[in-house]
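K.L.:
Sequence:
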Amino acid sequence: MSRPSFDDIYMDLAQSIAVKSHCVKIKVGAVLAKDTRIVSLGYNGPPAGTHNCDQEWPGKGCARDSKGSCYLALHAEENAILYAAKNKVELQDATLYVTLSPCLSCARTIYTMGIRKVYYLNSYAEYKGLESDEGVDFLRKFGVVVNKYVKSDN
Numbered sequence: 001m002s003r004p005s006f007d008d009i010y011m012d013l014a015q016s017i018a019v020k021s022h023c024v025k026i027k028v029g030a031v032l033a034k035d036t037r038i039v040s041l042g043y044n045g046p047p048a049g050t051h052n053c054d055q056e057w058p059g060k061g062c063a064r065d066s067k068g069s070c071y072l073a074l075h076a077e078e079n080a081i082l083y084a085a086k087n088k089v090e091l092q093d094a095t096l097y098v099t100l101s102p103c104l105s106c107a108r109t110i111y112t113m114g115i116r117k118v119y120y121l122n123s124y125a126e127y128k129g130l131e132s133d134e135g136v137d138f139l140r141k142f143g144v145v146v147n148k149y150v151k152s153d154n
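The numbering used here numbers the first residue of the sequence shown as 1 and each following residue consecutively.
There's no promise every hint is true.
To be verified - Straight-line Cα separation of at most 16 Å, EDC-like style, residue types lysine to aspartate or glutamate; simulated pairs: (1) Lys27 x Glu78; (2) Lys151 x Asp12; (3) Lys117 x Glu56.
To be verified - Ranges of calculated distance between the beta carbons of each label pair, as one might list FRET restraints: (4) Asn122 x Gln55: 31 to 39 Å; (5) Met1 x Asn52: 23 to 31 Å; (6) Gly143 x Ala48: 27 to 35 Å.
Derived by calculation from the structure, the hints in this document are not laboratory data.
All of these numbers come straight from a predicted model, not from anything done at the bench.
The beta carbon of each residue, even a glycine, is placed where N, CA and C say it ideally should be.
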């Protein structure tokens, strides 16, 4: 029996944690790992203590902001980073596994927190109908290693 790589394990976990999302548009999961240890998890949705979109507004979700994005939602990587920061977890040189490539706003946060490697499963640009993955482009420009995840051959 072959043993899965940590990359495979963490991306599988990101996909599993995405199921917890209350978003009616897309479910996204994120795992932050450092030195082969999970340091934080996150999924997209509203801040704790507000509304669960699928329960409050079934079928259509929360209101949209001026740019057409979810009014309440935190992105999965934001939730993972904020949880780590709240608990004083050092993210310098950590690796992020996320089921949707980071948007530009999240990319700036990822870079600022010192996360040095990102694996993503699906393209944010393809999901949003954009020409390019601005977040991926930003991260690569400033030295963060970003790779589209491909399951390893075990």
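K.L.:
Decide, hint by hint, whether the structure agrees.
P.N.:
Consistency of the hints with the structure:
no.: 1; hint: Lys27 x Glu78; verdict: holds, 14 Å
no.: 2; hint: Lys151 x Asp12; verdict: holds, 10 Å
no.: 3; hint: Lys117 x Glu56; verdict: violated, 36 Å
no.: 4; hint: Asn122 x Gln55: 31 to 39 Å; verdict: violated, 25 Å
no.: 5; hint: Met1 x Asn52: 23 to 31 Å; verdict: violated, 40 Å
no.: 6; hint: Gly143 x Ala48: 27 to 35 Å; verdict: holds, 33 Å
Of the hints listed earlier, those the structure fails to meet are numbers 3, 4, 5, in rising order.
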